[in-house]
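2 protein chains.
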Amino acid sequence: MTKYNIDVTLTQTKKEKPNASELAFGKVFTDHMFIMDYTEGQGWHDPRIIPYQPLTLDPASMIFHYGQSVFEGLKAYVTKKEQVLLFRPDENFKRLNKSNDRLCIPHLDEELALEALKTLIQVDRDWIPNAEGTSLYIRPFIISTEPYLGVSPSDRYQFIIILSPVASYYKEGIAPVRIAVENEFVRSVAGGTGSAKTGGNYAASLKAQQLSGTKGYSQVLWLDGVERKYIEEVGSMNIFFKVDGEVITPSINGSILEGITRKSVIELLKHWGIPVSERKISIAEIKEAYAAGKLEEAFGTGTAAVISPVGELFWQNEGMSINGGKTGEVTKKLYDTLTGIQSGMVEDHFNWCIEVK
Amino acid sequence: MTKYNIDVTLTQTKKEKPNASELAFGKVFTDHMFIMDYTEGQGWHDPRIIPYQPLTLDPASMIFHYGQSVFEGLKAYVTKKEQVLLFRPDENFKRLNKSNDRLCIPHLDEELALEALKTLIQVDRDWIPNAEGTSLYIRPFIISTEPYLGVSPSDRYQFIIILSPVASYYKEGIAPVRIAVENEFVRSVAGGTGSAKTGGNYAASLKAQQLSGTKGYSQVLWLDGVERKYIEEVGSMNIFFKVDGEVITPSINGSILEGITRKSVIELLKHWGIPVSERKISIAEIKEAYAAGKLEEAFGTGTAAVISPVGELFWQNEGMSINGGKTGEVTKKLYDTLTGIQSGMVEDHFNWCIEVK
Ligand SMILES: Cc1ncc(COP(=O)(O)O)c(C=O)c1O
Ligand SMILES: Cc1ncc(COP(=O)(O)O)c(C=O)c1O
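In order, the protein sequence lines correspond to chains D and X. As numbered in my numbering, residues 1 to 357 make up the first sequence, in order. As numbered in my numbering, residues 1001 to 1357 make up the second sequence, in order.
Calculated from the structure, these hints are not laboratory results. Careful: at least some of the hints might be erroneous.
Within a straight-line C-alpha distance of at most 25 Å, the following computed DSS-like cross-link-like pairs (lysine-lysine) qualify [unchecked claim]: (1) 1229/X / 229/D; (2) 1357/X / 1015/X; (3) 1229/X / 1263/X; (4) 1326/X / 1270/X; (5) 98/D / 1215/X; (6) 1333/X / 1294/X; (7) 357/D / 94/D; (8) 1118/X / 1081/X; (9) 94/D / 118/D; (10) 1094/X / 1263/X; (11) 27/D / 17/D; (12) 1280/X / 229/D; (13) 1229/X / 280/D; (14) 215/D / 1098/X; (15) 1118/X / 1017/X.
Which stretches of chain X does chain D cover? Using the computed rule of at least three CB atoms under 8 Å from a CB of chain D, they are [as the list claims (entries may be wrong)]: (16) 1015-1028; (17) 1136-1144; (18) 1155-1167; (19) 1195-1207.
Yeah, the Cβ is synthetic: ideal placement off N, Cα and C, and Gly gets one too.
Please work from the sequences and hints to get the whole structure.
Have a look at this one:
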């Protein structure tokens, strides 16, 4: 029992842990999970850690029909000194509550959520891999569980945290990815749910991703849904460009996710004195910069891949090769610094990491 | 066993059926459900009817995270002659496959789905209520069940059908509803998922509906996400207006659902020789018609409510009272005819109903 009365039931049958060399992304889960219920009138109750196990839900549960759900994604790392670090977890729980607002899901106590996560990680401490590039991926999520087929907010929810030891998200690792600009499909539009981390945004993205995959692109770059001109973000990453010495990224506009890696990158660049700005960026502007030889680097930012260099950007039947298809200098420095801070190898001036004790 | 080898396991413990007077919408479910699995490589397999029971799913199942899901809604009626009728079920399964396309879910055999539904209804025949306005609401749905946290189409799915005896969807019954035009939130945009029946569209709609509910409106009228000028549809209904003798409804544009009731209404109106057209309709045009005294009727169309008269439309701080807040003549005739055909009281010239034998 902890301050928040988190009940802990340990498993009787521990699973075998995967070899570091066999780690994939998000396919293997640890021995335990955290779960907490919400019931209207009673609020959030019964926080508990239990053996990792299936959920048992009425087939009429709203999550199966009306998609009322939110989630988060963050990582824990174990350092050379055997410390366990979480990267800015308070930001994730803050964003989870923002997503809750948009999806009409009751707020969580962010402190309790963090405490729950820490307790769970302590219980499954042995599962955190320590080879380079590996980490423990953390997936907090909330689902609506009222068995009711009317379209209205659920009166019951479950908040769950599961953990998965992972290698890099992209098979390519830090190797540059090829990304295609999406012209037909739209991920989100202002007034929609794009700035929330909710399932429907990802379901909406599958088709475009599948089509671009058949053409050899690993992700799509979304344009805005209104004018189909302005750059939004990539599948599960925000996007940055370095143009003529300045790093630019689309501003927060209501339809893109406010990435925590994005925020950290902006703070790092400012700290380093590298010009950085958030503004509307049209795809035409990027093409012009490319034609003028001024498109120096491009990279995506997100928890899963941390920093993902873009080696080629495809638009209007033409591939723009960026930095000769190689990882740019600023991109590399950001990757090294961020993963360094996250894994305790680089000093954490910003106090971004929280130790799990 | 049937032609499609649908295995049937009957329940040992039948539930008590609700009184006709106590029926709500979508809260009570019958004794059995249909379920069928999809596994990559193997296709859809093991169609079976089993006692209504909870689903047991890994917490990493994609449905809980990325919202890859589709659903349908239709109704069965029992006639005075004890026939059981389904209203245009082939259209629902056709639309389910269209939704599947958009959501990257493998197609279903529509004939098998219909056979499954008929078999299930036969098994739970006793559950179809027969009081006026009541019916058996049918909810076919598909969920993605692969336990994997990567954003990509699932390699496993379940197709499920559950049944719920229902009264009218709206507490008001055929009484006119008050609807507010939504100016801030957007349901969908061309290139998005609006024309598919997938959970995310409904999750996205909750916030606007909740806010309008606090102001006394039961539903919102969505405008297009690009110009915020053109009328789209209501929460779970398409919308029609009668202006100066002509019935008009927004055309299918990629962001609204192609309703089966909508289609039937258009066919009925044509049959009756009442002018009807599908076209872009701006909210300003409706307001002008109202000001000129030409906005004669308005109604929503959808399986749940069938025909729902709109008594008041609220836009820009002003309520437009339609037909003095009473059900219009064409609206009433459509309601009577459609519910009449569905329940076997009015002759089915169009062969819309299929009997379950
Ligand atoms: C749509 C989308 N954009 C951007 C990001 C990046 O956000 P973060 O840096 O917080 O992981 C994510 C999440 O990982 C995402 O799902
Ligand atoms: C968004 C939406 N629009 C319209 C409709 C009406 O479609 P149908 O007449 O096929 O029930 C529905 C479904 O019921 C819906 O969910």
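key: Numbers of unmet hints, in rising order   = Violated hints: none; all satisfied.
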